[in-house]
Amino acid sequence: MEHSVQEVSFHHEPGGKEVVQKIIKTTVILSVITIIELGMGLAMYAWPMGEGLKLFLKGVIVILSLAKAFYIVGIFMHLGDELKNMIMTIVIPLMLFIWFIAAFLWDGNSWKTLRNTYNKTAVQTTAPAAHGTGAQH
Amino acid sequence: MATVQAHTETKWWGGGKSPFNIEYGKLMMWYFLMSDAFTFGAFLISYGTIRFSQNYWPDPNEVFNAFPLAGHANLPLAFVSLMTFILIVSSVTMVLAVHAGHHNDKKGVIKWMIWTIIGGFAFLGCQAWEWTHLITGDHAVLINGEISNIGTTVTMNPWGPASSVSGADGHHVNTTGPVAFGGYFFGITGFHGFHVFSGVIINIVMLIMTINGTFERRGHYLMIEKAGLYWHFVDLVWVFVFLCFYLI
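Protein sequence lines correspond, in order, to chains E and H.
Just so we're aligned, residue 0 is where the first sequence starts under numbering that gives the first Met the number 0, counting upward by one.
Just so we're aligned, residue 0 is where the second sequence starts under numbering that gives the first Met the number 0, counting upward by one.
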């Protein structure tokens, strides 16, 4: 491990106060985003609203969470300060998630549609409007 | 780049210096975290697939509404917000420890590492309370026409749709919900909690090494940076666990 250190010329952070200010600023941003997310989550509970509006709020919460991830990785983990090639070796493989999420959520939804179409018993025991005995496993 | 490379023929990296200008251990920590991101991602996506396949899924605001010492007060998301802020604050103290390490400030590193470890233990304590509350908190549920009291476990889910039967207190008694709810919740928050636990252990080792002066003799606090990367990753995963289980 000692020999490798010599090959690396570390870019130490400039100054002291600037960095601490950047950390404080990021902390405030993360806290504010979290509070907004909580507010939206509670709003969905407190006020009755249509499914479309709920879906929209959930979409906004997902985007806000991605923003939080960006700040944690970029500022707290200092990935933003690394060489661009190094950043790309991390970020490009993560793009697999685009397919991963889309394909599997699509699959889940298709599963639901098929079950609701061909297995009426399952619909009766799992749909929200169902009454009476609901034993399903 | 512009340096003379008479001894190499290749136009690619020819050795002799770090191509990413980053220490080996730190780079490998990044690649480990990337693979760990795929592990957590696969778990969360699997949860999403099952959730998308169900006609009914419990509302997190109804499941997670308890707070220690608050009795039966309805406080949706209050406790998990506290847990989230504990983790954000411990992430900030970790950044400050790394920052102190950049300036070879041994006292600063020790101070901020202690705060980070306290934050980690506080989070684990909160999670232990939440799990206990969910597992032992019984709810009246209609199963095969009879009212039973069950908690939330990997095999039981009392958070199903309301039935037409009323309980002793006049509320509608729920039917059972999708059994996958408990399995995914305990599985994924448990896997995350295990990461927090191992992160706390790593941080304690780093604290002891700092106190013993190991990094001072070495001349740099790179190990603190690597432990910091792992700790921030734990915070990063919580952002998505919080999103998938509590918010949406």
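Be a bit skeptical, because a hint or two may be false.
Stated by the list, open to error - To give an idea of the interface, some chain H residues facing chain E are shown, with a C-beta separation under 10 Å as derived from the structure:
1) 20
2) 33
3) 83
4) 102
5) 130
6) 132
7) 207
8) 210
Unchecked claim - The following residues of chain E were derived to be distant from chain H, with all beta-carbon distances above 10 Å:
9) 15
10) 48
11) 49
12) 57
13) 68
14) 77
15) 81
16) 99
Rather than coming from a laboratory, the hints here were simulated on the basis of the structure.
The beta carbon of each residue, even a glycine, is placed where N, CA and C say it ideally should be.
Which of the listed hints are not met by the structure? The structure conflicts with hints 5, 6, 7, 8, 9, 12, 13, 14, 15 and 16, although it agrees with all the remaining ones.
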